[in-house]
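Colleague: Sequence:
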Amino acid sequence: MLKDAKARIAVLVSGGGTNLQALLDAQKSGILRSGEIVLVVSNNPDAYALTRAQNAGVATAVLTKRDCGGQAGFEAKLHETLKTADIDLVILAGFMSILSAEFTDRWPKKIINVHPSLIPSFCGQGFYGLRVHEAALSYGVKVTGATVHFVNEIPDGGQIILQKAVEIQPGDTPETLQKRVMEQAEWILLPRAAEMVSAEIVNKGKGETV
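Numbering (this note's numbering), first residue to last: 534 to 743.
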């Protein structure tokens, strides 16, 4: 184990940043101790998550596909930004953009994501945000939850790290269910998974560069 070392974490965001806040709070409380959030990257210049990062004294960057000339240019610039910051672990926290196999292959077991269902239910292409909870309610399942998983070329298809179940209540709407899943599962699981993966990275040492 590298003495006093911490995994350098970049968090990718697109919106309000509630999962980012959960990570920042976990870092402050000591739940996330083997890693340090050193960069927040958004593909939306108006994302409130950027304000959360700035309030916490974390460096930020904004990259958009339009400014980068499309997906390939965006991913090239993102990779360059992450490498320049010497990032060890990438966390997708409400990041509304699918990354290509070419990108994820360059960061094997170094990208994690939180998804608001118990994978393999209600996941994959098209399942994001309220759509996940709408599908769960429409199907009539009694239990849903959240999953943190490694990211590969298949949307929500990487190895599962942690899961937590959340019961569906009578009268739930997609909005009330979304809130409960965030509070009871996402905000708990993501910091735990970030600590688990960060600790593993530190224990292995920096290893080979990406």
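Hints listed in this document are in silico derivations from the structure and should not be mistaken for laboratory results.
Incorrect hints may appear among the rest.
Unchecked claim - With a straight-line Cα cutoff of 27 Å, these simulated BS3-like cross-link-like pairs (lysine-lysine) come out:
#  : residue 1 : residue 2
1  : 539       : 642
2  : 642       : 697
3  : 598       : 643
4  : 712       : 737
5  : 561       : 643
6  : 616       : 561
7  : 675       : 561
8  : 561       : 598
9  : 539       : 610
10 : 598       : 616
11 : 675       : 539
12 : 539       : 616
13 : 561       : 539
14 : 643       : 616
15 : 712       : 675
16 : 643       : 539
17 : 737       : 539
18 : 643       : 610
19 : 697       : 643
20 : 737       : 598
21 : 642       : 598
22 : 697       : 561
23 : 697       : 616
24 : 675       : 697
25 : 616       : 712
26 : 712       : 697
27 : 610       : 598
28 : 539       : 598
Colleague: Next step is simple, just say for each hint if it's right about the structure.
Modeller: Results for each hint:
no. : hint      : verdict
1   : 539 - 642 : holds, 17 Å
2   : 642 - 697 : holds, 21 Å
3   : 598 - 643 : holds, 22 Å
4   : 712 - 737 : violated, 36 Å
5   : 561 - 643 : holds, 22 Å
6   : 616 - 561 : holds, 25 Å
7   : 675 - 561 : violated, 35 Å
8   : 561 - 598 : violated, 33 Å
9   : 539 - 610 : holds, 24 Å
10  : 598 - 616 : holds, 19 Å
11  : 675 - 539 : violated, 40 Å
12  : 539 - 616 : holds, 16 Å
13  : 561 - 539 : holds, 14 Å
14  : 643 - 616 : holds, 13 Å
15  : 712 - 675 : holds, 16 Å
16  : 643 - 539 : holds, 14 Å
17  : 737 - 539 : holds, 12 Å
18  : 643 - 610 : holds, 18 Å
19  : 697 - 643 : holds, 22 Å
20  : 737 - 598 : violated, 34 Å
21  : 642 - 598 : holds, 24 Å
22  : 697 - 561 : holds, 23 Å
23  : 697 - 616 : violated, 32 Å
24  : 675 - 697 : holds, 14 Å
25  : 616 - 712 : violated, 34 Å
26  : 712 - 697 : holds, 15 Å
27  : 610 - 598 : holds, 10 Å
28  : 539 - 598 : violated, 31 Å
The structure shown violates the earlier hints numbered 4, 7, 8, 11, 20, 23, 25 and 28.
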